[in-house]
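Chains as they are written, first to last, in the numbering used here: chain A, 1 to 260; chain B, 1 to 270.
A couple of the hints might just be wrong.
Claimed, not checked - Label-pair restraints from in silico Cβ distances:
id	chain 1	residue 1	chain 2	residue 2	range
1	B	Asp173	A	Ala238	27 to 35 Å
2	B	Pro78	A	Asp152	48 to 56 Å
3	B	Pro78	A	Gly122	52 to 60 Å
4	A	Arg244	B	Gly132	33 to 41 Å
5	A	Arg166	B	Ser143	53 to 61 Å
6	A	Leu116	B	Asn40	51 to 59 Å
7	B	Gly116	A	Asp152	24 to 32 Å
8	B	Glu159	A	Ser165	17 to 25 Å
9	A	Val119	B	Pro78	50 to 58 Å
Since the hints were derived computationally from the structure, they do not count as laboratory data. Glycine is no exception: its CB is placed at the ideal position from the N, C-alpha and C atoms.
In case you want the letters, here they are:
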Amino acid sequence: MAILHRITALLGSARWLSPLLFLFAWEAGSRSGLIPERTLAAPSKVLSTLLGMAVSGELVDNLWVSFLRIAIGLAIGVTIGVALALVAGLSRQGEVAVDPLMQINRTIPTLALTPLFIVWFGIGETPKIALIAFASIFPVYLNLYSGIRGVDLRLLEGARSFGLSRAEQIFHVILPGALPSLLVGLRYSLSVSILVLVVAEQINASAGLGYLINNARDFMRTDIIVVCLMIYAVLGLAADALVRAVESRALVWRPSIVSQ
Amino acid sequence: MDARSTGYSRVAPPQFQTAQLQKAQPVVRLRDFTRRFGDNTIISGLDLDIAPGEFVTLLGRSGSGKTTLLRTLAGLDPTLGQDVTVPASRAVVFQDARLLPWKKVWRNVALGLRDGDVRARAEGALREVGLGHRLDAWPLTLSGGEAQRVALARALVREPSLLLLDEPFAALDALTRLRMHELVLSLWTRHRPAVMMVTHDVDEAIALADRIVLLDEGRIVTQERIEAPRGERSHVARGLRSRLLSALGGHVAESPSPAEIIALHAGGFA
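Chain A with its partners taken away, still in its complex shape:
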C-alpha cells in the first residue's frame, strides 16, 4: 500500500512525465517510418550523433568558438551599456548628451545592421562580435538607467541627512539600489546575445555552432541540426542559471517572495 501510495504521489507531481512521453512518441514515429529521417531524426539517432560529436571533439571545439564570441561580445556590450547608463543616470548633462542617442539607436533592430557590419568589418570574427556587443548594450543601459533614476529618494535624503558626500551616496545608496535593475538588464542581454549569435554565425563562418548547422543543412543531417538546437537551448538555460546565481548572491537582503 505504502509503495502504491508513494508511486501515485510521485506521478502526481511528475512534471517530467509529459516530455518523456513526447520523446517516446517521437521515437516511435521515427521507428515506424511515420517521420522520415530527412524531416526529423529520431531521438536515439540525435543522442548517438551527440555522443559521437562529443567524443570526436567536434562539438567542444565549435562550442568553444561560439562561447568566445558571446563572451567577448557581451563583455564589450555590457561594459559600454553600464558606462553609458552611469553617465546618463548620475548627471543631468550626461542624460541630455547620452539618452536621446540611445533611445534612437535602440529602435534599430540589431540584425538589420548585419549588412552594414559586413561592409565595415568584413566577414571574419569582428562583425559577429560587434553584432553581439551592439545588441547587448541596450538591455543593460535601459534597465540600469531607469534603476538609477528609480532609487528611493527618501533613502537618498536619509543618507544626505547623515552628511554623506555625493560619492558616498552613489556608492552606498544609488548603485546598490540600482543593482536589481542591472541584473534584469543583464539577463535580457544574455538571451539577446544568444539570439544574435545564431544569426551572426551564419555569416560565412568556418567554425562555431552556426557553422555546424549550416553544414548540416547542406547535407540534410537533421540529427546534427537537432543537436545544435539542443546546445542553443542549453546555452540559454545556462545563461539564466548564471544570472540567477549572481542574483541570489547579490540580493540576499531581499526577503524571498516565494516561500520555500
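Using the hints, position chain B against chain A.
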C-alpha cells in the same frame, strides 16, 4: 532663551535649571525665518531658539509647516542667506526608518562613520536600543518598532548635539509607541542632545517635552514650557491639553485617556 517661551510658562521653573539654560548658547537659532515654495508661503517670520539639551516638541496640524521647519534644521532644504544657525552635528529620525535594505543592521548604523572602531560603535548603539541580538539582520526582516529603534541608534551613534525626530512613532501601535517614548527619554537623559520632535499627538508632546511649540500656518501660535518632571505631569496635563487643543482650533472633549497615557510614563525618567 526665547522671551516668549518663558512668558507662557505656567509652572515656576527651578532656578538653577533656567540659569543653566540661559548661560549656554542656543544650539539652534532662527531669526525671521521664511520659507516659500513659489507663491506658497510655508513658514513666515519665525523666531526659534533651542538650548543645548532641551527637549522641544513641535506640534501642529498637517500643512502647518512642521516638517518644513524640521527639514530646514536638518539642513535638507537650502536656507539661502537667512539667519539660521544649526549645529554641524545633527541627526534625523524620519517617520519611516529609511534603513538601506541592502546593508545589514549594524552597517546601517555605521553608515558614514569614519573614525574609530566603527563596528564597535554601531554595536554599542544597537545594544543601547535593545537590539544587540540583531546586528547582522537584514532591515527588511525587522518589525516597524525594531526598524525605528535602529534608526534611533543610527542617529545617536553620531553623538549629535541636535536630534531631530519627524513623527518617528506615528506608524507604530500604541503600546510600541509608549515603549519608544521610554526609550527616547532614557537615551535623551544619557546623551543629552537638544531634541526637536515633530508630532501631531498632543499627549505625546505633553509626556515628552520640556517645551511645546505650537505651529500654525507657518507661525508659532503659542509655546508652553512644562516644568513638572516627566511621569508627574498628570496634574498639568488636563489644562495643557485643553489650551493646546483650543489653540489648534480643535474641540476639547476631556476624556480620562490622556491622564492614563501619562501615568504609564510614571516611574523612571524624572
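Consistency of the hints with the structure:
1. B:Asp173 to A:Ala238: 27 to 35 Å: violated (49 Å)
2. B:Pro78 to A:Asp152: 48 to 56 Å: violated (22 Å)
3. B:Pro78 to A:Gly122: 52 to 60 Å: Holds, since Pro78 (chain B) and Gly122 (chain A) (Cβ atoms, about 58 Å apart) stay within the stated range.
4. A:Arg244 to B:Gly132: 33 to 41 Å: With a Cβ separation near 35 Å, Arg244 (chain A) and Gly132 (chain B) satisfy 33 to 41 Å, so the hint holds.
5. A:Arg166 to B:Ser143: 53 to 61 Å: violated (33 Å)
6. A:Leu116 to B:Asn40: 51 to 59 Å: holds (55 Å)
7. B:Gly116 to A:Asp152: 24 to 32 Å: holds (29 Å)
8. B:Glu159 to A:Ser165: 17 to 25 Å: At 20 Å between Cβs, range holds.
9. A:Val119 to B:Pro78: 50 to 58 Å: holds (55 Å)
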